[in-house]
Amino acid sequence: MIRIKRSLVAALAALSVLSAASLAQETVKIGEYASLTGKEAAFGTSSHNGTLLAIEEANAAGGVLGRQIELVTEDDQSKQGESSTIVKKLISRDKVVGILGEVASMRSLEAAPICQAYKTPMISPSSTNPKVTQIGSYIFRVCFIDPFQGTVMAKFAKDTLKLHRVAMLTSVSSAYSVGLAKYFKERFLADGGEIVIEQKFTEGDKDFNAQLTAIKAAGVDGIFVPGYYTEAALIAKQARELEMMMPLFGGDGWEAPELIEIGGTAVEGCYYSTHYSPQVDTPKVQSFVTRYKARYDGKVPDAMAALGYDSAMVMIDAIKRAGTTEEPAVRNALAATNGFEGVTGTTTMDKDRNPTKAAVVIEVKDGKFKFVQSVSP
Amino acid sequence: MPKPLIALLATVLVAFGVSYYSDHIDPYYLDVLTDIGINIILAVSLNLVNGYTGQFSLGHAGFMSVGAYTSAAITVLAGPRLLGDDGGTALQQGLLFLVALLAGGLGAALAGLAVGIPSLRLKGDYLALVTLGFGEIIRVIFQNVDALGGALGLNGIPNYTTIFWVYTFAALTVFTVVCLVRSTYGRGFIATQDDEIASEAVGLNTTRYKIVAFVVGAFFAGAAGGLYGHFKLTITPSGFDFTKSIEIVVMVILGGMGNTPGVILAAILLTVLPEVLRAVDQYRMVIYSVLLVVLMLVRPRGLFNFDYAAIFTRLKRKLMPAGGAR
Amino acid sequence: MTEFTQQLLNGLSLGAIYALIALGYTMVYGVLRFINFAHSDVFMVGAFIGYFVGEHMPHGTVGGGMVSLLAAMLGCAILGIVIEKLVYRPLRDCPTLNVLITAIGMSLFLEYGGQLVFGATPRAFPQIFPAKTFAVHGIIVSMNQLIVIIVATVLMVGLQFAVYGTKIGTAMRAVSLNPKAAQLVGVNIDVVISFTFGLGSALAAAGGVLYALNYPSIDPLMGVVPGLKAFVAAILGGIGNIPGAALGALILGMVETFVDGSRFSTYKDAIAFAILIGILLFRPAGLLGRFTAEKV
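Chains as they are written, first to last, in this note's numbering: chain G, 80 to 456; chain X, 24 to 349; chain A, 16 to 311.
It should be emphasised that the hints constitute simulated quantities derived from the structure, not laboratory data.
A hint or two may mislead.
As the list claims (entries may be wrong) - Taking CB as the label site, the calculated pair distances span:
hint: 1; chain 1: A; residue 1: 20; chain 2: G; residue 2: 427; range: 31 to 37 Å
hint: 2; chain 1: X; residue 1: 140; chain 2: A; residue 2: 108; range: 43 to 49 Å
hint: 3; chain 1: A; residue 1: 151; chain 2: G; residue 2: 427; range: 57 to 63 Å
hint: 4; chain 1: X; residue 1: 298; chain 2: A; residue 2: 19; range: 53 to 59 Å
hint: 5; chain 1: G; residue 1: 215; chain 2: A; residue 2: 20; range: 33 to 39 Å
hint: 6; chain 1: A; residue 1: 185; chain 2: X; residue 2: 218; range: 34 to 40 Å
hint: 7; chain 1: X; residue 1: 320; chain 2: A; residue 2: 298; range: 35 to 41 Å
hint: 8; chain 1: X; residue 1: 298; chain 2: A; residue 2: 97; range: 30 to 36 Å
hint: 9; chain 1: G; residue 1: 453; chain 2: A; residue 2: 151; range: 43 to 49 Å
hint: 10; chain 1: X; residue 1: 295; chain 2: A; residue 2: 97; range: 32 to 38 Å
Claimed, not checked - Straight-line alpha carbon distances no greater than 30 Å define the calculated DSSO-like cross-link-like pairs of lysine-lysine that follow:
hint: 11; chain 1: A; residue 1: 147; chain 2: G; residue 2: 449
hint: 12; chain 1: G; residue 1: 444; chain 2: G; residue 2: 363
hint: 13; chain 1: A; residue 1: 182; chain 2: G; residue 2: 447
hint: 14; chain 1: X; residue 1: 146; chain 2: G; residue 2: 167
hint: 15; chain 1: G; residue 1: 237; chain 2: G; residue 2: 261
hint: 16; chain 1: G; residue 1: 378; chain 2: G; residue 2: 158
hint: 17; chain 1: G; residue 1: 158; chain 2: G; residue 2: 174
hint: 18; chain 1: X; residue 1: 146; chain 2: A; residue 2: 195
hint: 19; chain 1: G; residue 1: 234; chain 2: G; residue 2: 210
hint: 20; chain 1: X; residue 1: 146; chain 2: A; residue 2: 147
hint: 21; chain 1: X; residue 1: 267; chain 2: G; residue 2: 210
hint: 22; chain 1: G; residue 1: 108; chain 2: G; residue 2: 449
hint: 23; chain 1: G; residue 1: 158; chain 2: G; residue 2: 210
hint: 24; chain 1: G; residue 1: 449; chain 2: G; residue 2: 363
hint: 25; chain 1: G; residue 1: 444; chain 2: A; residue 2: 100
hint: 26; chain 1: G; residue 1: 198; chain 2: G; residue 2: 158
hint: 27; chain 1: G; residue 1: 449; chain 2: G; residue 2: 378
hint: 28; chain 1: G; residue 1: 264; chain 2: G; residue 2: 430
hint: 29; chain 1: X; residue 1: 267; chain 2: G; residue 2: 158
Note that this is a predicted model, so its numbers are computed, not measured.
Backbone N, C-alpha and C define an ideal beta-carbon position, used for all residues, glycine too.
Here chain G stands alone, though its shape is the one from the complex (with noise of 0.2 Å):
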């Protein structure tokens, strides 16, 4: 009797240290997809470097409902057709609580439907393309919407630069900057401007000469480019060597140091609009760009990462709010965010499950980017 009842003791004692050190040990897991490589990788590594710093740093402070958060990336190269396939997986095999991303329209607007589908809040960090919360209630973004933001330039070139004739160039392969083109125009057409001509081109495209020409023989006063950083690199140089030296203006999508790189002293006096600048002077800002040049060997993080780093806050801030990782409290809770505090701004959700929030211009002067302005909706 003696003999059973002691080991009996012993097996309870055991399987309580055991099930409370595997409690402890369960993470919340979160997942991430992200273009860590191919065309759009300096937005991918950017946007997964500020989530990572967020995941790490509220880990340091005590993780979330007393357990640590564990962030699974994946990476989906930026093509078509992997998004979904990894998101399912995160999902499904990770079991993860939450999905951040993407940084693209597109791709974001490929694996919502998958995590409405399965009941996982997502949030992307930078898809400005209003499609994308469109798709279903449990879909969430952090940053502004390009409708908005086709407003900011239009506002810009229009006023600031005082243009009046423009011409646009647009890529037909992303939802972005079709979408941004289209916003752009609208508002610029409404103030009074006009736009004189408008060309085309696909993504992965290297020659623009011919629309450049064509650009050049209407005789416009700037050009709106609303694409990724590698053609708007491109187009500015092409067009400098056409002797073609008014303004290029365009949007978000033109934040990376390759920009810089490629297109040289072709991009010097080129404007874009943005979400954020580590320039701006506010001790929240300030106090990231620090914490992230101490993380990153002295890199300085860009809009992709500061709305990378609050896409991952404001997650982790519904699931404390939501007190549980179960559905749809963290949806709900997501929905309820108001006046979050980021190092993006403040973050209110509307009924759209998108916040408002203002834009930053940004300037290309003497090899690097310069704060000009800030404009609000």
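Since chain G is already given, all that's left is putting chains X and A on it; use the hints.
Using the frame of chain G, we list chains X and A on its own:
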């Protein structure tokens, strides 16, 4: 009942069963199974064109995309009106899906006709390039059709694909190809590949065989495209490019051109392998390419090109000794 | 009128680059009767060699530029010869289909291997030649465009001389007409084929460097589309015919440029393929080629 028919019905039944219990199966495994099924359809249908008839086609993904867009157009654009606001019953949805898939296959078959006819007098490399060119032209056309989303692609495709649908069509594809090739009529395909001039000399209309191969192959590729579209829920023109065609070609070569069981095995392997190798996903294409080169150098007949019928018979004899041999 | 002339110049420059690549395709086909799919990736490797050498050379100098260009040409000549010896030679007597598949495999290997080694992110190609622009009657001519046209012309003239004025060139032509007969009169087929590959690859490398000079963003997949277009150009002009390749490339460059500047710019790629199909259907010998009956 002839053996192939039994196999077909058995597969359909099993597929139905799996679909019925699909809620109890890990969705990730279901996904991989679906992928395998779609790739089997693609590989076996291409095998008819490349393997059995000897027409080297590099544009199979183009037919897939025609099928994907046609079927998606029906379910996305016409579906809501036909099914009504509540989405319709499962039976109605199933019917709509079947119609959409068949329409996709038909559309692709028409495209196959359009590609096959001009390509007839071309051989070897020239044919490969023309089919490649057609594949790319189809892609560019879809990129410019705004009603189908243009370069941004088509979202919001309803999730109709299940194991049942995929494996029913896979079984149908295999059944059709195998029966076609084994029949007396089907000998014509192989004859066309072996020696076109001799075939013509004995009165075979090689032109007709080549067209039939293209059209049948394209039909099933289109059906596969429809299944793919209702599985991934988003399709873009660039997802059906030259690289996709090459992936299917690799399966056919690996399996042994003209060897259907081999091609099926190759399709399974080449679907599962990238999933298994996700940790080293960056090496995937490099490994594929090395595989192709090494294969051609060492074993041009393909890795899985065995005489399965003979192996099967030998196995049967070993397990069940004939007569009373003791 | 100015716009038209400007587009003409743009088309000329683009055509010149396609020509350099097309020449390699046409020469190899002439001698071996097969399409070297990996050729477009040799073009890419040339650009990368130019990039790595160019980074160490003084930028913006003719000397630095020439060194980068020659280094790329030499490197790729060796690469081409090695590929032929290792991979294509053992299959020389195999059905064309097998060799075609091998070529595709080789092409994929170079592309994705390149992504592994160089990373998939585009890199900025350095300005290896001096950069300048001239304005001539309202048309802008950039130094880069001029260099492309000059170098391409020099190389093509050099090629014509090599093929028609040297012993090995004559041997090349002999092999392309009838390999067995050529062997009978003592031509060393292996040497001729290696030479052809080396020459073609060197030209592709030059094309790669010049392409990168004008469109300074290089990545391991950059050769796929220009390669396909150059191939169309070679067929357009008559595959196996050297002046034909140049002519075809020029025409294609022009057509593409004018389509690009028009409303139909997004159909640009389709145009090239439509031309390919059209030519193969209606005049398979190409504009300047001789129609040889398909060997059974």
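The hints, checked one at a time:
A hinted range of 31 to 37 Å is violated for the C-beta pair residue 20 (chain A) and residue 427 (chain G), which are about 56 Å apart. At roughly 33 Å, the beta carbons of residue 140 (chain X) and residue 108 (chain A) sit outside the given window of 43 to 49 Å. Against the hinted window of 57 to 63 Å, the Cβ-Cβ separation of residue 151 (chain A) and residue 427 (chain G) comes to about 59 Å, which satisfies the hint. Checking the proposed 53 to 59 Å range against residue 298 (chain X) and residue 19 (chain A) shows it holds: the Cβ atoms sit about 54 Å from each other.
Distance hint check: the CB atoms of residue 215 (chain G) and residue 20 (chain A) are about 54 Å apart, inconsistent with the given range 33 to 39 Å. Taken as a hint, the range 34 to 40 Å holds for the pair residue 185 (chain A) and residue 218 (chain X), whose Cβ atoms sit roughly 36 Å apart. For the pair residue 320 (chain X) and residue 298 (chain A), the supplied restraint of 35 to 41 Å holds, since their beta-carbon distance comes to about 36 Å. Judged by the Cβ atoms, the range 30 to 36 Å given for residue 298 (chain X) and residue 97 (chain A) holds: they are separated by roughly 34 Å.
Our hint of 43 to 49 Å for residue 453 (chain G) and residue 151 (chain A) holds, since their Cβ atoms are close to 45 Å apart. The beta-carbon spacing between residue 295 (chain X) and residue 97 (chain A), approximately 34 Å, falls within the hinted interval of 32 to 38 Å. With a CA separation close to 28 Å, the supplied pair residue 147 (chain A) and residue 449 (chain G) stays within the 30 Å bound. Taken as a hint, the residue 444 (chain G) and residue 363 (chain G) pair is honoured in the structure, with Cα atoms around 25 Å apart against an allowance of 30 Å.
About 57 Å separates the Cα atoms of residue 182 (chain A) and residue 447 (chain G), which puts this hinted pair outside 30 Å; it is violated. Simply put, residue 146 (chain X) and residue 167 (chain G) have alpha-carbon atoms about 43 Å apart, too far for the 30 Å limit, and the pair is violated. Taking the CA atoms of residue 237 (chain G) and residue 261 (chain G), the gap is near 16 Å; set against the 30 Å cutoff, the hint holds. Between the alpha carbons of residue 378 (chain G) and residue 158 (chain G) the distance comes to roughly 26 Å, so the proposed pair stays at or under 30 Å and holds.
For the given pair, residue 158 (chain G) sits about 24 Å from residue 174 (chain G) by alpha-carbon distance, which is consistent with the 30 Å threshold. Taking the CA atoms of residue 146 (chain X) and residue 195 (chain A), the gap is about 23 Å. The hint holds against a cut of 30 Å. As the CA atoms of residue 234 (chain G) and residue 210 (chain G) are separated by approximately 23 Å, the hinted pair is consistent with the 30 Å bound. Simply put, residue 146 (chain X) and residue 147 (chain A) have alpha-carbon atoms about 48 Å apart, too far for the 30 Å limit, and the pair is violated.
A distance of roughly 28 Å separates the Cα atoms of residue 267 (chain X) and residue 210 (chain G); the hinted pair therefore holds under the 30 Å criterion. This hinted pair does not check out: residue 108 (chain G) and residue 449 (chain G) have alpha carbons roughly 37 Å apart, beyond 30 Å. Using a Cα cut-off of 30 Å, the hinted pair residue 158 (chain G) and residue 210 (chain G) holds, with the two alpha carbons roughly 19 Å apart. Between residue 449 (chain G) and residue 363 (chain G), the direct Cα distance comes to roughly 19 Å. Compliance with the 30 Å bound is thereby established for this hinted pair.
For the given pair, residue 444 (chain G) sits about 52 Å from residue 100 (chain A) by alpha-carbon distance, which is inconsistent with the 30 Å threshold. At most 30 Å may separate the alpha-carbon atoms for a hinted pair to count; residue 198 (chain G) and residue 158 (chain G) meet this at roughly 24 Å. Taking the CA atoms of residue 449 (chain G) and residue 378 (chain G), the gap is near 16 Å; set against the 30 Å cutoff, the hint holds. Using a Cα cut-off of 30 Å, the hinted pair residue 264 (chain G) and residue 430 (chain G) holds, with the two alpha carbons roughly 26 Å apart.
With a C-alpha separation of about 13 Å, the suggested pairing of residue 267 (chain X) with residue 158 (chain G) holds against the 30 Å cut-off.
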